[in-house]
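Engineer: Each chain, written out:
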Amino acid sequence: MIAYVIRRLLATIPVMAIVGVFVFLLLHLAPGDPAAIIAGDNATEQNIAAIRTRLGLDRPLIEQFGSWVWAIAHGDLGVSMFSNLPVTTLVLQRAQPTISLTVTTLLVAVTIAITIGVLAAWKAGTLVDRVVMGFAVLGFSVPVFVVGYLLVYVFALQLRWLPVQGYVPIEQGLWPWARNLILPSLALGLAYVALIARITRASMLEVLAEDYIRTAHAKGVATVPVLLRHALKNAAVPIVTVIGIGVALLISGVVITESVFNIPGVGRLVVDAIARRDYPIIQGVMILFAGVYVLVNLCVDIVYTFLDPRIRY
Amino acid sequence: MDTNRRTVLKAGAAAAAMGAPHVARAQTKPARQVRFVPHGDLRVLDPIWTTANMSAYHGAMIYDTLFGVDVNMRPQPQMVQTHTVSDNRLTHTFVLRDGLKWHDGTPVTARDCVASIRRWQAKDGAGQHLFERVTDTPVVDDRTFRIVLKEPYGLVLDALAKTSTPLCFMMKAEIAATDPGTQITKHIGSGPFRFVEGEYRPGSRVVYERNPDYVPRGEPASGIAGGKRVLLDRVVWDIIPDAQTAASALMSGEIEFFEVPPIDILPALGAAPGVKIEVFNQLGNVGYCRLNHLHPPFNNVLARRAAQLAISQEDFLRAAIGNAQYYKTCGSNFTCGSPMGVEDGAEVLMMGAPMAQRQARARQLLKEAGYNNEPIVVLHATDIHIMNQAALVIAQNLRQVGMNVQLAASDWGGVVTRRSNQNPPAQGGWNVFFTWGGGNATSSPINLFGHAATGRKAWFGWPENARHEQLRNEWAAAADVAARRKVAQAMNRNMLEYVHDVKLGQWVAPVAYRSDRIRGLLPVPEVVPFWNVERFA
Numbered sequence: 009m010i011a012y013v014i015r016r017l018l019a020t021i022p023v024m025a026i027v028g029v030f031v032f033l034l035l036h037l038a039p040g041d042p043a044a045i046i047a048g049d050n051a052t053e054q055n056i057a058a059i060r061t062r063l064g065l066d067r068p069l070i071e072q073f074g075s076w077v078w079a080i081a082h083g084d085l086g087v088s089m090f091s092n093l094p095v096t097t098l099v100l101q102r103a104q105p106t107i108s109l110t111v112t113t114l115l116v117a118v119t120i121a122i123t124i125g126v127l128a129a130w131k132a133g134t135l136v137d138r139v140v141m142g143f144a145v146l147g148f149s150v151p152v153f154v155v156g157y158l159l160v161y162v163f164a165l166q167l168r169w170l171p172v173q174g175y176v177p178i179e180q181g182l183w184p185w186a187r188n189l190i191l192p193s194l195a196l197g198l199a200y201v202a203l204i205a206r207i208t209r210a211s212m213l214e215v216l217a218e219d220y221i222r223t224a225h226a227k228g229v230a231t232v233p234v235l236l237r238h239a240l241k242n243a244a245v246p247i248v249t250v251i252g253i254g255v256a257l258l259i260s261g262v263v264i265t266e267s268v269f270n271i272p273g274v275g276r277l278v279v280d281a282i283a284r285r286d287y288p289i290i291q292g293v294m295i296l297f298a299g300v301y302v303l304v305n306l307c308v309d310i311v312y313t314f315l316d317p318r319i320r321y
Numbered sequence: 002m003d004t005n006r007r008t009v010l011k012a013g014a015a016a017a018a019m020g021a022p023h024v025a026r027a028q029t030k031p032a033r034q035v036r037f038v039p040h041g042d043l044r045v046l047d048p049i050w051t052t053a054n055m056s057a058y059h060g061a062m063i064y065d066t067l068f069g070v071d072v073n074m075r076p077q078p079q080m081v082q083t084h085t086v087s088d089n090r091l092t093h094t095f096v097l098r099d100g101l102k103w104h105d106g107t108p109v110t111a112r113d114c115v116a117s118i119r120r121w122q123a124k125d126g127a128g129q130h131l132f133e134r135v136t137d138t139p140v141v142d143d144r145t146f147r148i149v150l151k152e153p154y155g156l157v158l159d160a161l162a163k164t165s166t167p168l169c170f171m172m173k174a175e176i177a178a179t180d181p182g183t184q185i186t187k188h189i190g191s192g193p194f195r196f197v198e199g200e201y202r203p204g205s206r207v208v209y210e211r212n213p214d215y216v217p218r219g220e221p222a223s224g225i226a227g228g229k230r231v232l233l234d235r236v237v238w239d240i241i242p243d244a245q246t247a248a249s250a251l252m253s254g255e256i257e258f259f260e261v262p263p264i265d266i267l268p269a270l271g272a273a274p275g276v277k278i279e280v281f282n283q284l285g286n287v288g289y290c291r292l293n294h295l296h297p298p299f300n301n302v303l304a305r306r307a308a309q310l311a312i313s314q315e316d317f318l319r320a321a322i323g324n325a326q327y328y329k330t331c332g333s334n335f336t337c338g339s340p341m342g343v344e345d346g347a348e349v350l351m352m353g354a355p356m357a358q359r360q361a362r363a364r365q366l367l368k369e370a371g372y373n374n375e376p377i378v379v380l381h382a383t384d385i386h387i388m389n390q391a392a393l394v395i396a397q398n399l400r401q402v403g404m405n406v407q408l409a410a411s412d413w414g415g416v417v418t419r420r421s422n423q424n425p426p427a428q429g430g431w432n433v434f435f436t437w438g439g440g441n442a443t444s445s446p447i448n449l450f451g452h453a454a455t456g457r458k459a460w461f462g463w464p465e466n467a468r469h470e471q472l473r474n475e476w477a478a479a480a481d482v483a484a485r486r487k488v489a490q491a492m493n494r495n496m497l498e499y500v501h502d503v504k505l506g507q508w509v510a511p512v513a514y515r516s517d518r519i520r521g522l523l524p525v526p527e528v529v530p531f532w533n534v535e536r537f538a
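So the protein lines, in turn, are chains P and Z.
Counted the way this note's numbering counts, the first sequence spans residues 9 to 321.
Counted the way this note's numbering counts, the second sequence spans residues 2 to 538.
Hints in this document: simulated from the structure, not taken from any laboratory.
Hints may contain errors.
As the list claims (entries may be wrong) - Facing chain P, according to a computed beta carbon distance under 10 Å, are these residues of chain Z, among others: (1) Ala57; (2) Gly126; (3) Thr166; (4) Pro167; (5) Pro181; (6) Glu210; (7) Asp243; (8) Ala247; (9) Ser249; (10) Ser253; (11) Asp384; (12) Gly415; (13) Thr418; (14) Trp460.
Stated by the list, open to error - From chain P, some residues computed to sit far from chain Z (all C-beta separations above 10 Å): (15) Ala19; (16) Ala81; (17) Arg138; (18) Thr231; (19) Val232; (20) Val234; (21) Ala298.
Since we're looking at a predicted model, the values are computed, not measured.
Beta carbons: idealized from backbone N, C-alpha and C, even for Gly.
Turn these sequences into a full structure, and let the hints guide you.
Structural biologist: Right under this line is the structure:
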């Protein structure tokens, strides 16, 4: 197992290298000139050219690539062309909101989804099942921003229970932190509730038809232990896979939620950077994202071995 | 230790209790704080290095200017105590006010001001126009310096006082010694607020605190001139990119001031208790459609005149702004409503004539220009509402008179890059793009770089017209507003004749704020001042 983990960790290096080459080439070959954007609308062509030279954007592409790779190899993600701040500082400033939103969303989504997914499988074909599946379809169909605005309208503007927007760091208190994450987590979590609930139901239905479940019932085991200990554990592998995909999707997908609820996370950082062609930020965050994707997949693979002892690497 | 449900719950309760004092602190707002949502993000902290408006807003918070324009757009002394001009109008002597201090406590000196002016002029069109006539800037003593000219120039104070970007902000000499092409790294001004660098989160939050050493002038505040009385302890800029979210935050009382609420949200905001909608910048914005003078068909004045007739201000304003309460058509190149807002020669626009008549004349001009259906590339920024609407309307207007229009869609970043390409459209260049400028900047033939007609050295579109340049110089040398207005009349006629660019009308952007909490907001074009603003509830 340890050898497998080491192999997988080493495999992240070529993956990130390929991502790096693609990101760098795509950015530099796509139209867009950060110097022109920095200079502003009243700038002269000479001003723009001076900024371009200062930022090194007039150097040959291969030279710029070499400098970037050299810096990355030394753990330096570069400096934002606009704010002059190190990319690492900017990412660290934004990491806590994104991690908080991702974790709370997953908690909300997994808790609700597995509960209603198991319920739907247990009550398959009944009204409960239909309601759960209807909810799942709704969760998939309604865009995050619509859910977000509706939640804001009801809970922030009408009932005044929760804030409209913003993020409070956890250091300023657990409740203020949580209070600002409730609506975003619900809005973002709805789609994942739908996704995970459907997979849970399908997987559970398959397992509930197995002989050992019938045997458990015949032995007189109560319904809840049968569902949770016998069925859910054996149905867990596809559910964990979907949760793993969900984590990856969440990291890239939080940007709309971050915008609607004004959460200063990594998603917004990278989208803003793309809009103004702040190459060091885009490149740095993409490399980090690639690393996180690989690690999430690795974690999912390791979790499989705990859920199903037959799986060995 | 065994971990069970009860211990977990206890731990959670303890954690919540530990958080409680923080909750109390977080909910106790500083007594005199205003939370402001500006139109964009503060990305660059050097207001000379970039001409971006947000950097100018930042500059106006922490730096001061030698002069400032008052509400009537007249330059008034700000950091300067006295200003005298020699009899031959060649030497301007400036004496600084006593007691001016930088945020680090050191005194402001004439040497600082000369260094700041020199760095600013390297980046500013009006500054460069002035410095073409400057022979020396001697420092006389700690509080006195001079600007010595080789010929009389009527815009010395206007250039130093202007509110269009980049403003002539004063910085410490060692900071102002930074190469103008390099961003400054220290942010020490002498202005009414201090920048709280430790709380700066690009893309999210900018914080300023009161400068306790700031000594305002005795006159009442007017424009960016007069006494800058600081009545707030903190000003927090919350960068909220989503307009609907910002509007909701204003309605719920989470912010006090929203700079640019979209026009379609205004009715909801106006109906919310405690929220007031007001237009502070009456000169607003001016839309303009730049035609590429370097390449066919718009290197031919007849084709440019055809475009000028074909493109409808009313069509654009209706599509992009929507509410007629906030827009108007205008036949001036210098902002209707400003002192230079003359409309001489505007009859060539046929603005009162039916569209069909204008289009018939445009078709005729196009034929005379020898247009042979070559593609006309219109740059189309799809990510900014007004830009998107403008490109679609312009394309349709041009098609209606027989032009073969191709929309080149990209985000604004793509347009900004492509518009600087002087190659023919087929080789990455372009024929038409739309943008807009502040009404205040547009009102001056010198302050707005877009008014230059110096060919390939001019702003994008690269118009070239010797008479226009001669008139700009005459305008700059004119002794007073009346004389300048007279030159502006000739200039407007000439610009419409050779079609410098196609103006697309004017619109204002109302602000929304909590009138049940703050008062004293000042109407200043192109910056948002927080001096004079008071938090009373």
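Engineer: Each hint: holds or not?
Structural biologist: Each hint, compared with the structure:
1. Ala57: Holds - the Cβ of Ala57/Z comes within 10 Å of chain P, reaching about 9 Å at its closest.
2. Gly126: With a closest approach of 7 Å, the Gly126/Z hint holds.
3. Thr166: Cβ of Thr166/Z sits 6 Å from chain P, so the hint holds.
4. Pro167: 8 Å, holds
5. Pro181: Since chain P brings a Cβ to about 8 Å from Pro181/Z, closer than 10 Å, the hint holds.
6. Glu210: 19 Å, violated
7. Asp243: Because about 5 Å separates Asp243/Z from the closest Cβ in chain P, which is inside the 10 Å limit, the hint holds.
8. Ala247: Ala247/Z check passes; min Cβ-Cβ to chain P is 8 Å, inside 10 Å.
9. Ser249: 4 Å, holds
10. Ser253: 5 Å, holds
11. Asp384: This interface hint holds because 7 Å falls under the 10 Å limit.
12. Gly415: 5 Å, holds
13. Thr418: Constraint on Thr418/Z satisfied, holds at 4 Å.
14. Trp460: 8 Å, holds
15. Ala19: 33 Å, holds
16. Ala81: 26 Å, holds
17. Arg138: Answer for Arg138/P: holds, closest chain Z Cβ roughly 33 Å.
18. Thr231: 21 Å, holds
19. Val232: About 16 Å separates Val232/P from the closest Cβ of chain Z, which puts it past 10 Å; holds.
20. Val234: 22 Å, holds
21. Ala298: At about 22 Å from chain Z, Ala298/P clears the 10 Å cut-off, so the statement holds.
Violation of the numbered hints given earlier is confined to hint 6; every other hint is satisfied by the structure.
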